[in-house]
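Chemist: Chain by chain, the residues run as shown.
Number of protein chains: 2
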Amino acid sequence: MEIGVGLLGGGTVGGELAKRLLEDHAAILAKSGIDLRLRGVAVRELDKPRLFPSRYIVDRPEVLVLMPQVDLVVELMGGVDPARELVLSALDLGKPVITANKELLSLHGPELFARAADKGVSLLFEAAVGGGIPLIRPLSESLAGEKIERVTGIVNGTTNYILTAMDSDGMAYHEALASAQRLGYAEADPTADVSGGDAAAKAAILAGLAFGQWVNITRVYREGITELSTVDMKFAHQLGYGVKLLAVADASSQGPAVRVHPALVPTGHPLALIRGANNGVFLEGPSIGELLFLGPGAGGRPTATAVLGDVILASREFLAGTKVAPRVRFGNGAVRDFSEVETQWYLRLEVRDAPGVLAQIASVFGAHQVSIKSVWQEGRGDGATLLLITHHAREDRHRAAGRDLEKLEVVRQVAATIRVIGASP
Amino acid sequence: MEIGVGLLGGGTVGGELAKRLLEDHAAILAKSGIDLRLRGVAVRELDKPRLFPSRYIVDRPEVLVLMPQVDLVVELMGGVDPARELVLSALDLGKPVITANKELLSLHGPELFARAADKGVSLLFEAAVGGGIPLIRPLSESLAGEKIERVTGIVNGTTNYILTAMDSDGMAYHEALASAQRLGYAEADPTADVSGGDAAAKAAILAGLAFGQWVNITRVYREGITELSTVDMKFAHQLGYGVKLLAVADASSQGPAVRVHPALVPTGHPLALIRGANNGVFLEGPSIGELLFLGPGAGGRPTATAVLGDVILASREFLAGTKVAPRVRFGNGAVRDFSEVETQWYLRLEVRDAPGVLAQIASVFGAHQVSIKSVWQEGRGDGATLLLITHHAREDRHRAAGRDLEKLEVVRQVAATIRVIGASP
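Protein chains in written order, with this note's numbering: chain H, -9 to 415; chain P, -9 to 415.
Since the hints were derived computationally from the structure, they do not count as laboratory data.
It is possible that some hints are incorrect.
Heads up, the list lumps identical chains together, so a pair's fine if it works in one copy or across two of them.
[Said to hold, decoys possible] In silico DSS-like pairs for lysine-lysine, Cα to Cα no more than 25 Å straight-line: (1) Lys38 to Lys137; (2) Lys9 to Lys137; (3) Lys397 to Lys363; (4) Lys109 to Lys313.
Working from the sequences, and respecting the hints, build out all of it.
Modeler: The structure is reproduced here in structure tokens:
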């Protein structure tokens, strides 16, 4: 029952996985009956210190994949090249592949899953979304019989850490980012996280599984957290909301709509409780009602645990010695543009305190069929601030209203617009 | 890709499943590629109104299992007889079995899983614990590589509904039970729920999966909610706790210890947030840290969704046409007795207000090596009430101290003892 594991990538997750494969070998064998043997770890930089003995290091990933004593390939290098080629060549050799590479999956998922299905080989990716939280298998298997209506999640730990610091400690964005970088929660170049790009790739994968239809990442609307100000976090608090970077996917007869953007979330909502680098995903469907999964969204140890679960499952199937039936099936229907989705907005307007200001603002909203749910005024005179929350209306109408508000003489600035999620209608 | 489904049981969950198999046939086919055909529903009472057309009703379950057009059997009748025989005969015929029968599994799991492994057939049971919450597959597959240290869960919706009503609405136990019965959350004979028996079966199953070792239900310590008083719920509140019926399983070098009992849970703990008939399970491990799963713990629709997920997975495997590798492996090690586990207790003592009362009480605890964490006194004179919370000490020492307290002249009554969970040490 020996399974030779070839590991591509020896960084945070890969290094931890190598360590676990070596140190927990006996425990895994006892619990699962599978004798996992690490055959090698392909790394880019040969001289860096690692969590595992250097004799496992190999420098040519393409050779590791080909080695006959490698039965199963784990791809944790990230990026598209050469990961895509390596995964395809492993599948072609009939070797199961485990990957945590959301970028690769969100760009080339259909090609990779088709190849795996064609070869009757497993392609598993539990660690690609939600770090250590089991999400992929519950969505694709346990809930295979449910018509999921909506997935709402905090799927990026870095940005949730930053937003929690801004919210609780009143830090400015750049201060919170620097703190995240010091603690290793954010990379030196944080763009993928703070731009919403990482969350968008995960949202595309979750939507694909939830609705059984592939969503190309280019169809995911994306707005990051770099423009968020502590002023709005304070106002949000006063109004009973927290601010979170959310990935939202919902089903409709015109196809799924998928987006990532900051949102005001009512403080009583379960997602408002997720703090620091944790992640959480909230699923809604007609039969299950509401399901919530919470846990560590990132980090080497939790993520390596998710990979290890996939390694054990794929090994079990590999040892059964037969063509594996594909777990995920993706249709190719329409994807709905976010501009058509009904949203609610919070707006912060800097206004002149002239008579009839609110009437002029209300008439702009009215002209775009957006109605105002509530209004608060802060301050007076030329420094007056108006906070508005709208009722549900199409996103494009909100945008058009926002543009027209900018043109009003009495509006000095549309200082912030943030969507609102989960509020009572 | 046609799969004939034979359904044993047409009650709350079975009726809902039959309805879904018929109504959602096209949607399931589109999403999963599996053409599920309901071949018949075996029911005990032939004349009751059902959620599905009566032409599907059959009266002899053993014939339904044998029918060649039945490829897969779903057992939702509950109880051990004749469920056990029917499941075994289906497995013997090479037919995958899906069951939600926690009683059957907790009593005869090893026999059933051995038979399924022997025949290379799936025996799936996602719906047996946690209703619509995916728990079984995350525990047995996604977390297969984790050394889970503790499982703490609210796994019985009926008792959680009753405790929520006692806690929020100040209802007495019998009032809350009657309300649960009116709303269909509790059965006419609520014994299995309120005694902790249902939760104990689920705890045994969860422990088996978490630790890879079978725990016989007779080894699960069990205490129900029938003795709980609203007085203690009020005191608990004042001290910053809610009262929940918990299933707790933890690993130790002497084997797992598994128990079900009411417990004081700090109000900030995620399990304290679970209200009404919802369920939630909290997992702890060295690599994943903490994971939480929340959702509907009971009810026909969520539970049928969990069953349906298993039906689709088993069908996929059945269609792949090969011997299925067993998912669950159970060792046969020692089970640790609850009396050896370290616990914390809340005690409510009715005492005489004599000089030196506390000194006498403290010396009893001291004699049993239990130390007191905090004490509150309510009232004076002969009606004085003393509330104590102890530090961690072995359960059997707590019990011995409790017995000796009863013997003290100054203690009129040990009016309540409830364990405390999740508090800072």
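Chemist: Hint by hint, say whether it matches the structure.
Modeler: Results for each hint:
Taking the shortest Cα distances, Lys38 and Lys137 never come within 25 Å of each other, neither inside one copy (48 Å) nor across copies (29 Å). In the homo-oligomer, the alpha carbons of Lys9 and Lys137 lie at most 25 Å apart only across protomers (15 Å), although the nearest pairing inside one protomer, at 40 Å, exceeds that limit. In this assembly of identical chains, the alpha carbons of Lys397 and Lys363 lie at most 25 Å apart only when taken from the same copy (22 Å versus 65 Å across copies). Proximity of Lys109 and Lys313 under a CA criterion of 25 Å is satisfied in both settings, with 7 Å inside one chain copy and 18 Å between copies.
Consistency note: the structure conflicts with earlier hint 1 alone.
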